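Asker: In case you want the letters, here they are:
Number of protein chains: 2
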Amino acid sequence: MANPKRVLIVGAGFGGLAAARRLARAGAGLEICILDRRNYHLFQPLLYQVAMAGLSPGEIAVPVRTVLSKYKNARALLGEVNAVDLGKKTVQTDFQEFEYDYLVLACGAQHSYFGHEEWEPFAPGLKTLEQATEVRRRVLLAFELAERETDPVKTRQLLTFVVVGGGPTGIELAGSLGEISRFALSRDFRKIDPRQTRIILIEAGPRILATFDASLAQRAQRDLEELGVTVWTGMRVSGIDASGVRLGNEKVESKTVLWAAGVKPSKLNAALGVELDGMGRVIAAPDLSVPGHPEVFIIGDQACFTHGPGGRPLPGLAPVAMQQGRHAADNILADLRGGGRAPFTYADKGSMATIGRRRAVVEMGKIRFAGVLAWYTWLVVHIFYLIGFRNRVLVFIQWAWAYISFRRGAQLITNPGWRSFPSDGQQP
Amino acid sequence: MANPKRVLIVGAGFGGLAAARRLARAGAGLEICILDRRNYHLFQPLLYQVAMAGLSPGEIAVPVRTVLSKYKNARALLGEVNAVDLGKKTVQTDFQEFEYDYLVLACGAQHSYFGHEEWEPFAPGLKTLEQATEVRRRVLLAFELAERETDPVKTRQLLTFVVVGGGPTGIELAGSLGEISRFALSRDFRKIDPRQTRIILIEAGPRILATFDASLAQRAQRDLEELGVTVWTGMRVSGIDASGVRLGNEKVESKTVLWAAGVKPSKLNAALGVELDGMGRVIAAPDLSVPGHPEVFIIGDQACFTHGPGGRPLPGLAPVAMQQGRHAADNILADLRGGGRAPFTYADKGSMATIGRRRAVVEMGKIRFAGVLAWYTWLVVHIFYLIGFRNRVLVFIQWAWAYISFRRGAQLITNPGWRSFPSDGQQP
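Listed in order, the protein sequences are those of chains A and B. Each number in my numbering corresponds to the 1-based position in the first sequence with 18 added. Each number in my numbering corresponds to the 1-based position in the second sequence with 18 added.
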C-alpha cells in the first residue's frame with residue numbers, strides 16, 4: 019500500500035470542519051491535519067446572542083479536537099499560518115513547516131472597515147468570541163453608566179446605540195437591542211427608563227436585507243420599528259469616534275457603535291499569487307480547486323465561486339461553506355480512488371434572519387414567510403445545526419427561559435478594562 | 019413620618035447581598051443603595067470550575083440589579099469606592115459622593131502574594147471571572163502547545179502544573195487538573211498522553227486542609243494522589259517566574275503555576291483609621307459594627323470577628339458572610355424600631371471541599387465524612403445556594419453531562435493574548 023496522503027486543512031470553521039469530518043470518516047490512506055488559530059469551532063450564526071447577553075461563549079463553541087476525537091487519522095493543532103508556498107507545497111506556521119499532498123484553505127473572513135481601520139476601537143465588529151463579549155460589555159456598561167449619570171446630555175449619549183450595516187447580523191443586533199431595552203432591563207433600573215433607549219440602524223444601500231426579497235425586507239423593517247429601532251437607509255457613515263457617528267453633515271452622539279457592515283477575506287490570499295476578485299477572494303475553479311493547483315482547494319468566505327446559475331458569487335453563509343467543505347473532501351477522495359472530480363453546485367436551502375421574539379424572515383427559493391412561523395423555523399434550524407448534544411440542551415434551556423421570563427442569561431460586564439469606554443482611558 | 023434612612027452597602031458579595039435583601043424586604047423607612055465594582059454577584063465557591071473548563075462564567079454569576087429588581091426601595095449602582103470618611107459619614111466613589119445614615123462595608127478580599135507581587139503574572143490567583151478564564155486559558159493552552167512541541171524538555175515543562183496553597187481552593191484546582199488530564203482530555207490528543215501530566219500541590223504548612231480535621235486531610239491527600247497529584251507539604255515557595263517555581267535549592271520547571279495561597283482584605287481598610295488585625299482586617303464589635311462608629315457595619319472577609327467561642331477569628335467563608343450580612347441588617351432594623359442590638363453568633367453549618375468525581379470531604383462539628391456521600395452533599399449544597407433558577411438548571415445539566423461523558427463543557431481558550439504565556443510576549 020502507498021504512503022498515506024497528507025491532507026492539511028487550514029481553518030476549523032464550517033467549511034474546514036466539514037471537510038475534516040468527511041475525510042476522517044473515509045478513513046484509510048489519509049493523514050488529516052486541521053490547523054486553527056483557536057482551539058474551538060465557533061457557531062457564528064449565534065455569536066450575536068453572546069454579544070446581546072443571551073448565551074454564554076461556551077454554549078456556541080466546541081473544541082476542534084473534541085469534534086475529531088474519535089477519528090484517529092485526524093489531528094487538530096493550534097496554530098497560525100504565516101505563508102503558503104503553492105509551488106513547494108508547503109505551509110509555514112508559527113511553530114513548524116508543513117508539507118502537504120492536498121491543501122484545503124478555509125480561513126474565512128474578518129471585518130472590513132473599508133479602509134477606515136481607525137474606526138475599529140469605537141465600533142467593534144462581531145467575528146470572534148472576544149468581540150462578542152466586548153460588545154456585551156459595552157452595551158451593558160452603557161446602561162449602568164446612564165443609571166448613575168446626572169447630565170441629561172450624557173445620559174442621552176449613553177442610551178443611544180448605533181448599528182452600522184443592515185444585513186442579517188445588523189438586523190439581529192438592532193432587534194436584540196430593542197428587546198433588551200424594552201423587556202430584559204425594563205424593570206431593573208430606578209433612574210433611567212431603558213424603554214427610552216434610542217437604537218439607530220444605518221444602511222448605506224437603499225434597503226435593509228439586500229439579499230432577501232423586498233417584501234421580507236419591508237416586513238423586517240416594520241418589525242424593527244415596532245421594537246423601537248429607527249432604520250436609516252441610503253446613509254453612509256463618514257466618521258466614527260469616541261463621541262458617536264458622523265454621516266455627512268449630521269452627527270449622532272452615541273457611546274456604543276456596533277459594526278456589522280463589511281467583511282474581507284484572510285490576508286493569506288494576497289500572498290498566494292493567484293487570481294483574486296475585487297473583494298480579495300480567491301476565484302475558485304468549478305471543482306473548488308485553486309486554478310493551476312489541483313491539489314489545493316479553496317472554500318467558504320475565503321473563496322469566490324461564480325460557477326453556479328446566474329454566475330453570481332455565492333454568499334458568505336455557513337451552508338455554502340459546509341457544502342463546499344464536503345465537496346472538496348469528496349473530490350480528494352475521488353482522486354485517491356481514481357475517479358473523476360465533480361463540479362460543485364450549491365443546494366440553496368434558503369436563508370433567514372431573526373429580528374426578535376416571534377419575529378423572523380425566511381426565504382427558501384420562491385417560498386417566503388415571516389412572523390411566528392419563521393421564528394420557529396429559525397429556532398429549530400439553529401438548534402439542529404449546533405454541534406454537540408450538551409450545547410443544544412443548554413441553548414434550548416436558555417432560550418426557553420428567556421422566552422418565559424423576558425430576561426437574558428449572561429448579563430456580565432467582564433474583560434480587561436471592563437469599566438470604561440475606549441475614549442475614557444483604562445481603569446482596571 | 020421621618021425621612022427614610024439612607025443605607026449604603028459597599029460590595030455585592032455574599033455578605034453585602036444578604037444585607038441588601040434582608041433590608042429591602044423590611045421595606046418602609048429605608049433607602050437602600052448597593053455599590054459594587056462589578057454588575058454581578060459572583061458565586062465564588064464554583065469559580066474554580068470556570069477555571070477548570072467545567073462551567074461558563076454566566077452560570078455562576080447573576081446581575082446585582084436583577085436580584086434586587088423587585089425591591090423598589092433598593093438601588094444597585096456600578097462603582098468603585100475610593101475613600102470612606104467615617105467622621106463626615108460620606109463615601110467617595112469614582113463618580114459621586116454618597117452620604118449615609120448607615121454604612122455596611124462588605125468589600126471582601128483579594129489575593130495576597132505575601133509581598134511578592136512580582137509573582138502574579140506567572141501565578142494568577144482565583145478571585146475574579148477574568149482570573150478564572152485566564153487560568154482556563156493557560157491550562158488548556160499548555161496541553162495544546164505540548165501537542166505540537168517536539169522538544170521533550172519543553173513538553174515536560176508544559177505538562178507540569180503547580181498549584182500553590184493546600185486549602186480548599188488549592189485542593190479543588192489540583193483535583194480538577196488530575197481529572198481533566200486523566201479523563202476529559204485523554205482521548206483527544208495524538209502525540210502527548212495527557213495522563214502523563216505532572217501535577218504538584220505545594221503547601222507551606224505541615225498538612226493540607228489545615229482548617230479540617232487531620233483524618234479528612236489525610237483522606238483528601240490520598241484521593242488527590244489517586245488522581246495523580248503529588249502533594250508536597252512543609253515546602254515554601256521562594257520564587258516564581260516564567261520558567262517555573264523555586265523552593266529553596268529546588269526548581270520545578272512549569273509553564274502553568276496557579277496561586278491559591280493567601281488573601282488580604284480590601285485596601286480601604288488601611289485608610290479607615292480604625293483598629294486592624296495582623297492581616298489588615300477591621301476588628302469588628304460584637305454587634306458587627308466598627309468600634310466607635312455604631313452606624314457602620316463591617317462583615318465578611320473584610321472583618322475580623324473574634325467574639326465567638328474560643329475567641330478564634332471566623333474563617334473567610336460564604337456562610338459567615340451571609341449570616342453576618344443578615345445580622346447587620348437586623349441590627350439596623352432594630353435601631354429603627356427602637357429595639358436593642360443583638361451580638362452576632364455564627365451558626366457553624368460545617369465546611370466541605372471537593373477533590374473530584376465522587377470524592378469530597380465534609381466536616382460538620384463532630385460529624386466528619388468523605389467519599390461518595392460527601393460528594394453528593396457537596397453537589398446538593400452548591401446547587402441549592404446558587405442564585406437564580408436558570409443557573410441551577412444549567413449547572414445541574416453541565417454536571418450531569420460531565421459525569422456521564424467524562425468531558426468538560428467550556429474548553430475555550432479565549433481572552434486577549436490567548437496564544438502565549440506571559441513570558442513569550444503578546445501575539446494577538
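Everything labelled a hint here was simulated from the structure, so no lab data went into it. Treat the hints with caution; some may be incorrect.
Copies of the same chain look alike in the list, so a pair counts if it works inside one copy or between any two.
As the list claims (entries may be wrong) - Calculated pairs, DSSO-like style, for lysine-lysine (alpha carbon to alpha carbon, straight line, at most 30 Å): (1) K384 / K23; (2) K209 / K106; (3) K209 / K88; (4) K23 / K209; (5) K88 / K282; (6) K23 / K107; (7) K90 / K172; (8) K367 / K172; (9) K209 / K90; (10) K285 / K384; (11) K106 / K23; (12) K269 / K23; (13) K88 / K172; (14) K107 / K282.
Here the structure is a predicted model, which means the values were calculated and not measured.
Asker: For this structure, which hints from the list above don't hold up?
Answerer: The structure breaks hints 1, 5, 8, 10, 12; every other hint is satisfied.
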